[in-house]
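J.: Given next are the chains, with one letter for each unit.
2 protein chains.
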Amino acid sequence: MTKYTVTFLPDNKTVDIDSNITLLEAAGKAGVIINSLCGGDGLCGECRLQVKKGKAMADKNAISFFSKDEIEHGYVLACRTKVEDNLVVNIPLKSRVEQEKILMEGTAFAYGEPEKLVLHRSSHEPVFSLDPIVKKVYLELPVPTLEDNISDIDRITRELHKVSNYDKFETSLPCLQNLTEKLRSHHWKVTVTFARRNGVGRILQIEGGDTSDKHYGLAVDVGTTTVVVQLINLKTGKIIGVKGSHNLQVRYGEDVVSRMIFACIRGSLAPVHQAVIANINNLAHALAEENHVSLQDITAIVAAGNTIMSHFLLNMTPCSIRLEPYVPTTTVYPQIFAREVGIAINPEGILEVSPSIASYVGGDIVAGVLACGMADKPEIRCLIDIGTNGEIVIGNNEWLVCCSASAGPAFEGGGARNGMRATGGAIEKIEINDGQVSYQTIGKIKPRGICGSGLIDLIYELVRNNLIEQHGKFNESVKTNRLIKADGELRYILAYPDETETGQAISISESEIANLIKSKGAVFAAIKSLVDYVGLNFAQLETIYVAGGFGSSLNIPKAIGIGLIPDIDTKRIQFIGNSSLTGARMSLTSIPAFENSLKIARRMTNIELSNYAPFMNEFIAALFLPHTDAGLFPSVKYLR
Amino acid sequence: MTKYTVTFLPDNKTVDIDSNITLLEAAGKAGVIINSLCGGDGLCGECRLQVKKGKAMADKNAISFFSKDEIEHGYVLACRTKVEDNLVVNIPLKSRVEQEKILMEGTAFAYGEPEKLVLHRSSHEPVFSLDPIVKKVYLELPVPTLEDNISDIDRITRELHKVSNYDKFETSLPCLQNLTEKLRSHHWKVTVTFARRNGVGRILQIEGGDTSDKHYGLAVDVGTTTVVVQLINLKTGKIIGVKGSHNLQVRYGEDVVSRMIFACIRGSLAPVHQAVIANINNLAHALAEENHVSLQDITAIVAAGNTIMSHFLLNMTPCSIRLEPYVPTTTVYPQIFAREVGIAINPEGILEVSPSIASYVGGDIVAGVLACGMADKPEIRCLIDIGTNGEIVIGNNEWLVCCSASAGPAFEGGGARNGMRATGGAIEKIEINDGQVSYQTIGKIKPRGICGSGLIDLIYELVRNNLIEQHGKFNESVKTNRLIKADGELRYILAYPDETETGQAISISESEIANLIKSKGAVFAAIKSLVDYVGLNFAQLETIYVAGGFGSSLNIPKAIGIGLIPDIDTKRIQFIGNSSLTGARMSLTSIPAFENSLKIARRMTNIELSNYAPFMNEFIAALFLPHTDAGLFPSVKYLR
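Same order as they appear, the protein sequences are chains A and B. Number 182 in numbering that gives the first Met the number 0 belongs to position 183 of the first sequence; there are no gaps in the numbering. Number 529 in numbering that gives the first Met the number 0 belongs to position 530 of the second sequence; there are no gaps in the numbering.
Don't read these hints as lab results, they were simulated from the structure. Predicted model, so just to flag it, every value in this text is computed and none were measured. Be aware that one or more of the hints could be misleading.
Chain copies aren't distinguished; within one or between two, either way the pair holds.
[As the list claims (entries may be wrong)] For lysine-lysine, the following DSS-like pairs were computed, each having C-alpha atoms within a straight-line distance of at most 30 angstroms:
no.	residue 1	residue 2
1	Lys161	Lys570
2	Lys181	Lys213
3	Lys237	Lys52
4	Lys161	Lys598
5	Lys376	Lys167
6	Lys598	Lys167
7	Lys234	Lys188
8	Lys445	Lys472
Can you make the complete structure from the sequences, with help from the hints?
T.: What follows is the structure, encoded as structure tokens:
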């Protein structure tokens, strides 16, 4: 087999490969991450590369993704281009997966004094006592005598009974195997680390001396796009550090469906599993090093993610989730040793995964319900978590119903030529007044594209300025030189080539607007269907919590203006940021919170929208700005 | 370092070794097992070898174990002889650890019809339902639909709830990881194997199709001398096969104390642990092959052994058991995967170990109490299990007390020049009438030595014939040509050189008789102390059960005659054979029985005799044949 060398610019990473593999696969081997929404199907046009040296032919079907100029300048789709020469290729800005603005909570819990430890962040969050899922207790044991010669482990559990409320303890075999020397060489002073399983205290580790100060855990949000890890001091409940990174699974597809297709059909499960494990290990390692914490002293992890991500995390086949009737392997995950999936904390450390409800309503939403506290009070509230999937929960302390709708990648910057994720250079805020466009980018640098919140602003401003009609078509009667025809379609120019970092215009087309309207329509239809299903109207929702990847810079009135979010008093709408991570941390630091999450998962009724007839009507009615029923959006000002 | 070759006869096994190791160590490397009571301390004189070629010097301290003739013929102690030449050595019959008559139950449980399955063997055994600790259930699951799309594992447990009485199930991660394909490729027909832990059903294995017929377990008696394994059909409860072999740990010492010294001081724990694992694997493999059972279909083991053997089995340091205040690591052993200790059954198969009471009252005695049913009824009964340790239990369904006394190796054939274990060629029955000696050997072959039951008979016959006094000294006034002086001591000749296989006389000396009296004295003193402790007398014991390594051929009246067993009506004394193995099998095949063993262990009060003042007085009073208080043995006929 012929061998070729491929060098990827601008990082100058080189890899030697056999012929007959694609540039996207070569990038994977080189450790270079290229955007790929569709998982290598040639459908999304995200993995564009520019061939600088060597011969490479763009696949015929891929040509439609490029302008004539781009094709002349050597642009190809990485997934559709076989390597048949030694190549030097450049990864354009848009195709790079770079350090993004990752949604992380900024604020730590405020803990009270040890006597009355409570978790408390803001008004909406429920209060739980500090009672971590793994505990570490220092014991000074009485020395055995002939009158008191119970076994070594009974001597330990006799003391543990005094300081904990377990009726029974069980001990792992490794803990027992060298216990005798440990107790005696440390003069009967030991520190015991124990978790809880099935109501029994599970002794994980017995260390000589007093190590109870070194007691750490990780809260992990396993997002489809981003993985965020918090390092928590389990003695105090305080957040020590937080780090996030791109989900390395992106090389197997940008959305969960593409990754499932890779895991189940095109490739295999193992690399997808290993990618997210690498994420967690990298982040945990960096956090530990930065904060002078030993990975050995981390003995507990709670991870929250959607059902598919949870399956990937645990290396469980997700292959029946994708197809009707959408069945996951499990919704309640077993307590395992973190080492069983290759996470490099203390080998006796445990991993708990936030329970899911159904295939498309995951542990992230359960964690979100936990975090906002809506399941604890009689007032009826609503949680909307918008990502590639929009997940909706309505309920109170007596009932909870939820549903999920595929919003598509539009709000995460996919499906549009200039769409991008909320990272440096993304246009996040837009205003158009009297034909004048003003915008703001993340990082206050030259724009590279438009992220989700920017797209919402853009749609809102276009319709407010009468540049598009309420059904999303351009109003060609309005005079503006920003509306041009390119590659056979009308496009509205948001930023001219001289304004942008790429030197190419940033614009939006009619079909891209149509995609966004479909996305917002799906989310709103899901909310409306669920509200109708439970026999309520929007006015009866005491609070709407908005969470998710674009929530941090979302303009709520504009989101209402395009009909994404119900039109209620904006004072009753709260951002709760990364509620999945908050919920994971709550479960990590408080057994009552973790138990609450299991109760939430059991209590919540999932409405399968694909099986719920009114949803399609609601969806069609929502394909309008803001909605075909203007009465639903009384506050929207541009309505004529 | 110089290299030498040592060949061991008669098996002709050769090993190349470095200099500076002993012949005993060389034998270990060659896989040749040589008797060693003291674990290589040069104290027991059991590891005698005859050097046939090459030069080897007997250690000066070892000379006392040999006659002049033997030294001239090249006899050495393997443990005291460094290899400093190429050698050919012969292992004399007495030093060989050969296939012995291993105590195994002959009878199977008689099971009733499936509707009312009971375990029943004989009148004394309690009745338990067939309810094995690991179950295998075939399920035909309904195919999921949009209306019924619960997770795959919930679909399984929903059916399991209908056929079992667990409120909750937990599933191992490996079971979940490939569950999706398994269910679908087998058209929703699967067989689930599950155990019980902490009241929760623990799913161990999910197989495609109906494999519920292939459902096996092992009951294991981990004896100090012998390891016995029974293969059980867990669907029917029937015994399929049974095999026993020498405990391979014998190379590290014949008794538990020597093995602890090897594990903790002289050598290390690992080889002692691995030896008993090799025993179990060899026996399981042989049983499986012979009965056309796959090791993969064995998913449960219950093992019973003394506390030290249980520690060795689980690779737990036994080092504090040996020294005052005699503390074990644990008395209740965790349910583990058999693979965790290297036992090669199904990798998801579990191992349970019968719970112990204290360092010197082990799971074998708990299994014995379970097997004889004494803990279930109001009548007060006594269990005497005699091995290297004598273990005594008295009690009923309301109370149980136990104790343990070091009987020494006398009844297992140790500590006497012609003592041997109950194997082929051992004299097991003796009568002396009018100076005429008659005996019977195991296997009806030429005698090689005397085993425990033979020694009891011998002592009884010697005192009955007035050949020894009641304090154990030879009565030199009785005329017999069998009483001779050899190597400075009086010896009674039981078999002349021409009668024996070795061509050397089989005899007993005064000091060896003194040892036996000490052993029987310790056992009886323990029984008497315990009976006194609970404020009873022997007449109040409804039944005495006798179990242990020499029980199969024990002459009860003679055992009473020497004062080993209390003098009650022999109709009230029952042999129950290997009660440890019976109890292990009961626990394997019946959860109620296993739970009963845990209750027995919790209920039983251990009296530490080394800490109990009256014991020493009882011991001294028992150093007489049958006892200094003749009133305790009214039926003994030779009493004058």
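J.: Run every hint past the structure and note whether it holds.
T.: Taking the hints in turn, this is what the structure says about them:
no. : hint            : result
1   : Lys161 x Lys570 : neither (48 angstroms within a copy, 50 angstroms between copies)
2   : Lys181 x Lys213 : within (18 angstroms within a copy, 43 angstroms between copies)
3   : Lys237 x Lys52  : neither (52 angstroms within a copy, 76 angstroms between copies)
4   : Lys161 x Lys598 : both (28 angstroms within a copy, 23 angstroms between copies)
5   : Lys376 x Lys167 : between (33 angstroms within a copy, 28 angstroms between copies)
6   : Lys598 x Lys167 : both (23 angstroms within a copy, 15 angstroms between copies)
7   : Lys234 x Lys188 : within (19 angstroms within a copy, 48 angstroms between copies)
8   : Lys445 x Lys472 : within (29 angstroms within a copy, 110 angstroms between copies)
Consistency with the previously given hints fails for numbers 1 and 3, ordered from lowest to highest.
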